[in-house]
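Enquirer: One-letter residues, chain by chain:
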Amino acid sequence: MNKLRKLAKMDDELKGEASSGVDATEANELGSTPSDLSTKVREREDIGHGTVVAAHYNTLEEKGLEERNKSRILYLRNFNNWVKSMLIAEYLEKVKQSKTHGAAIKVLDIGCGKGGDLFKWKRGSITHLICADLAETSVEQCKNRYNDLRSRSERERGYAPLFSAEFIAADCTKVRLREHYKDPSIALDLVSCQFAFHYCFESYLQAECMLRNASECLRPGGFFIGTIPDANEIMSRLQKNGGKEFENDIYKIEFYDETVPPHLFGAKYNFHLEGVVDCPEFLVHFPTLVKLAEKFDLQLVFKERFQDYFARQKEEGRSLLGKMQALETYPPFLKVPLLGRDPEDYEHVQQYLQTPAGHRKVGTLSKPEWEAASLYVIFAFEKKAKQK
Amino acid sequence: MGSEAGETVVELTEEQQEFLRQCEEEFANRFTDQDEEFQKIKELPESIPPIVDPWYSRPPRADWNRNSNRGRRSYHDRDRDRDRNRDRDRDRDRDWQNHRGGSGPMYGHRYRDRRDRPY
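Residue numbers (the UniProt record's numbering), protein chains in the order written: chain W, 1 to 388; chain R, 1 to 119.
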């Protein structure tokens with residue numbers, strides 16, 4: 001099988017989580033006709049920020065499989081991917097339960113990146129997918145990957161048609177997506193925004209625009225799900241570490257200023273994650289998000305930190321954990337070096353294994369990776385019927 | 001850059017300004033001792049990394065396809081869709097086998113069993 005396909009496949013499952021976020025090609029970010037929503041907010045300053053983000057994501061290369069495997073945060077990425085798989089499956093199931101058997105399922109993926117979740121949508125047997133992302137290059141790759149997935153599906157015996165898809169390259173924090181849909185009257189069942197929503201908290205208007213995009217075409221009873229950094233966790237670690245920054249071997253979070261309390265919108269920090277991200281992000285004060293979401297008829301139904309989600313779902317998702325290599329094997333297999341520093345990054349396992357152990361192996365994450373994973377939180381909103 | 005225009009261009013409606021005022025008032029104590037939600041998180045003990053035991057995952061090596069099913073049967077998830085969607089699942093399963101063939105060993109281990117949900 002050719003290498004490209006292999007790579008694409010790899011990426012289906014090993015999406016660089018952070019790269020699912022805001023990719024940017026600054027020159028193109030608003031290449032299409034902006035809606036009235038976007039005209040006022042867009043300022044040079046914003047473009048400046050977009051440029052930084054763009055510069056980062058555009059230098060990310062399609063890394064070869066080997067290199068990826070060696071990546072220090074391989075298991076963290078796989079773990080995050082596992083969380084997404086579980087979450088998406090859970091909410092697709094809810095959606096299916098609320099519909100008649102065989103009814104069409106329509107999904108919007110905001111911040112689709114290069115299409116890392118395409119495979120999850122395929123597995124979820126959805127009917128139609130709208131992919132939107134800031135970066136034209138990413139959307140292009142996403143499209144190629146989709147076409148590839150499609151042609152592979154067609155060659156299969158017992159061919160079941162792959163979902164149809166449309167692709168939109170636009171800044172979802174500034175452009176009204178509905179104006180770009182093939183069918184603006186579409187009723188979506190699920191909107192997913194993975195590791196990307198927090199970028200909209202750059203400003204109030206961007207947050208509003210994003211929530212409007214998430215909510216506008218969502219049918220009542222449909223869900224808006226996502227994953228974002230947990231502001232409480234970030235601020236807690238920040239305060240414990242002197243108020244300016246905190247870090248470990250694989251990530252660093254550094255605030256631009258020490259305003260107390262941080263701004264509700266535009267509370268900017270730089271997030272560096274080993275080899276994956278190094279760009280500005282924005283704190284999402286969750287109660288503000290909840291309040292703002294209410295304006296768009298979105299009601300919070302679920303919020304859980306990654307560590308709690310894992311604790312709750314690890315049995316149901318156990319075999320998937322293994323298949324996705326979402327945890328690292330400890331002690332390691334022969335000729336498979338640990339990615340973290342041994343012993344200090346694995347003290348928790350060593351303690352655990354001190355009990356009569358024999359030669360068994362367990363699945364775990366190194367301490368630095370877990371500290372990064374546990375920075376995140378999952379949310380789900382349900383669309384309510386229009387009020388007033 | 002844009003010093004004269006930067007901030008002033010952003011025009012919020014009355015309603016939006018009012019909303020922001022409300023937030024500022026309601027959440028004035030955010031991330032302080034008076035922020036209960038925040039304090040709860042801050043006082044939690046440090047989270048210990050996951051440990052899954054027993055753990056079955058094969059080493060990332062070139063020859064794992066050969067032992068693909070060894071020792072794993074008892075850990076399959078239930079197949080919730082099995083009866084209802086048997087045909088579709090069978091197709092999916094084929095789909096997997098097709099992909100696997102010749103695709104090289106490096107990802108043949110993933111998602112191979114249809115019983116594994118989700119996706």
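No wet-lab data here; the hints were simulated from the structure.
Careful: at least some of the hints might be erroneous.
Here are the computed lysine to aspartate or glutamate pairs in the DMTMM-like style, where the Cα-Cα straight-line distance is at most 20 Å [to be verified]:
| # | chain 1 | residue 1 | chain 2 | residue 2 |
| --- | --- | --- | --- | --- |
| 1 | R | K42 | W | E254 |
| 2 | W | K361 | R | D35 |
| 3 | W | K252 | R | E46 |
| 4 | W | K303 | R | E14 |
| 5 | W | K386 | W | E294 |
| 6 | W | K143 | W | E93 |
| 7 | W | K295 | W | E166 |
| 8 | W | K244 | W | E258 |
| 9 | R | K42 | W | D308 |
| 10 | W | K291 | R | E25 |
| 11 | W | K295 | R | E46 |
| 12 | W | K240 | R | E37 |
| 13 | W | K182 | W | E247 |
| 14 | W | K295 | R | E14 |
| 15 | W | K386 | R | E15 |
| 16 | W | K291 | R | E18 |
| 17 | W | K268 | R | E24 |
| 18 | W | K303 | W | E93 |
| 19 | W | K252 | W | D278 |
| 20 | W | K291 | R | D53 |
| 21 | W | K244 | W | D278 |
| 22 | W | K303 | R | E15 |
| 23 | W | K240 | R | E25 |
| 24 | W | K291 | R | D35 |
| 25 | R | K42 | W | E245 |
| 26 | R | K42 | W | E304 |
| 27 | W | K291 | R | E46 |
| 28 | W | K295 | R | D35 |
| 29 | W | K384 | W | D278 |
| 30 | R | K42 | W | E247 |
| 31 | W | K295 | W | D308 |
| 32 | W | K361 | W | E382 |
| 33 | W | K295 | W | D278 |
| 34 | W | K295 | R | E25 |
| 35 | W | K143 | W | E154 |
| 36 | W | K94 | W | D297 |
| 37 | W | K94 | W | E382 |
| 38 | W | K252 | W | E344 |
| 39 | W | K295 | R | E26 |
| 40 | W | K291 | R | E43 |
Enquirer: Compare the structure with each hint and give your call.
Expert: Hint by hint, here is what the structure shows:
Between K42/R and E254/W, the direct Cα distance comes to roughly 19 Å. Compliance with the 20 Å bound is thereby established for this hinted pair. Between the alpha carbons of K361/W and D35/R the distance comes to roughly 42 Å, so the proposed pair goes past 20 Å and is violated. Our distance criterion of 20 Å between C-alpha atoms is met by K252/W and E46/R, whose separation comes to about 18 Å. Distance restraint check for K303/W and E14/R: the Cα-Cα separation of roughly 31 Å exceeds the 20 Å cut-off, and the hinted pair is therefore not satisfied.
For a cut-off of 20 Å, the pair hint linking K386/W to E294/W stands: about 11 Å separates their Cα positions. As the CA atoms of K143/W and E93/W are separated by approximately 26 Å, the hinted pair breaks the 20 Å bound. Restraint check for K295/W and E166/W: not satisfied, since their Cα atoms lie roughly 28 Å apart, outside the 20 Å limit. For the proposed pair K244/W and E258/W, the alpha carbon gap of about 6 Å is at most 20 Å, so the pair holds.
For the proposed pair K42/R and D308/W, the alpha carbon gap of about 15 Å is at most 20 Å, so the pair holds. Taking the CA atoms of K291/W and E25/R, the gap is near 13 Å; set against the 20 Å cutoff, the hint holds. Proposed proximity of K295/W and E46/R is contradicted: the alpha carbons are some 36 Å apart, above 20 Å. Note on K240/W and E37/R: the hinted pairing holds, with a Cα-Cα distance of about 16 Å set against a maximum of 20 Å.
At most 20 Å may separate the alpha-carbon atoms for a hinted pair to count; K182/W and E247/W exceed this at roughly 44 Å. Of the supplied pair hints, the one linking K295/W and E14/R holds, its CA atoms being roughly 15 Å apart against a limit of 20 Å. With a CA separation close to 19 Å, the supplied pair K386/W and E15/R stays within the 20 Å bound. Under the criterion of a C-alpha separation no larger than 20 Å, the hint pairing K291/W with E18/R is consistent with the structure, at around 13 Å.
For the proposed pair K268/W and E24/R, the alpha carbon gap of about 17 Å is at most 20 Å, so the pair holds. The hinted pair formed by K303/W and E93/W meets the criterion: a straight-line CA distance of about 18 Å does not exceed 20 Å. Under the criterion of a C-alpha separation no larger than 20 Å, the hint pairing K252/W with D278/W is consistent with the structure, at around 9 Å. Taking the CA atoms of K291/W and D53/R, the gap is near 41 Å; set against the 20 Å cutoff, the hint is violated.
For the hint linking K244/W to D278/W, the alpha-carbon distance of about 17 Å falls within 20 Å, and the restraint holds. Proposed proximity of K303/W and E15/R is contradicted: the alpha carbons are some 28 Å apart, above 20 Å. Only pairs whose Cα atoms come within 20 Å are accepted, and K240/W paired with E25/R is rejected, the gap being roughly 26 Å. Of the supplied pair hints, the one linking K291/W and D35/R holds, its CA atoms being roughly 16 Å apart against a limit of 20 Å.
Using a Cα cut-off of 20 Å, the hinted pair K42/R and E245/W holds, with the two alpha carbons roughly 16 Å apart. For the given pair, K42/R sits about 15 Å from E304/W by alpha-carbon distance, which is consistent with the 20 Å threshold. For the suggested pair K291/W and E46/R, the alpha carbons sit about 29 Å apart, so the restraint of at most 20 Å is broken. A threshold of 20 Å between alpha carbons decides the hint, and for K295/W with D35/R the separation of about 23 Å lies outside it, so the pair is violated.
The hinted pair formed by K384/W and D278/W fails the criterion: a straight-line CA distance of about 37 Å is larger than 20 Å. Between K42/R and E247/W, the direct Cα distance comes to roughly 17 Å. Compliance with the 20 Å bound is thereby established for this hinted pair. Our distance criterion of 20 Å between C-alpha atoms is broken by K295/W and D308/W, whose separation comes to about 28 Å. Distance restraint check for K361/W and E382/W: the Cα-Cα separation of roughly 41 Å exceeds the 20 Å cut-off, and the hinted pair is therefore not satisfied.
With a C-alpha separation of about 33 Å, the suggested pair K295/W and D278/W falls outside the 20 Å cut-off, and the hint is violated. Only pairs whose Cα atoms come within 20 Å are accepted, and K295/W paired with E25/R is accepted, the gap being roughly 18 Å. Taking the CA atoms of K143/W and E154/W, the gap is near 16 Å; set against the 20 Å cutoff, the hint holds. Of the supplied pair hints, the one linking K94/W and D297/W holds, its CA atoms being roughly 19 Å apart against a limit of 20 Å.
Only pairs whose Cα atoms come within 20 Å are accepted, and K94/W paired with E382/W is accepted, the gap being roughly 11 Å. Of the supplied pair hints, the one linking K252/W and E344/W holds, its CA atoms being roughly 19 Å apart against a limit of 20 Å. The hinted pair formed by K295/W and E26/R meets the criterion: a straight-line CA distance of about 16 Å does not exceed 20 Å. Under the criterion of a C-alpha separation no larger than 20 Å, the hint pairing K291/W with E43/R is inconsistent with the structure, at around 25 Å.
Of the numbered hints given earlier, the model fails hints 2, 4, 6, 7, 11, 13, 20, 22, 23, 27, 28, 29, 31, 32, 33, 40; all others are met.
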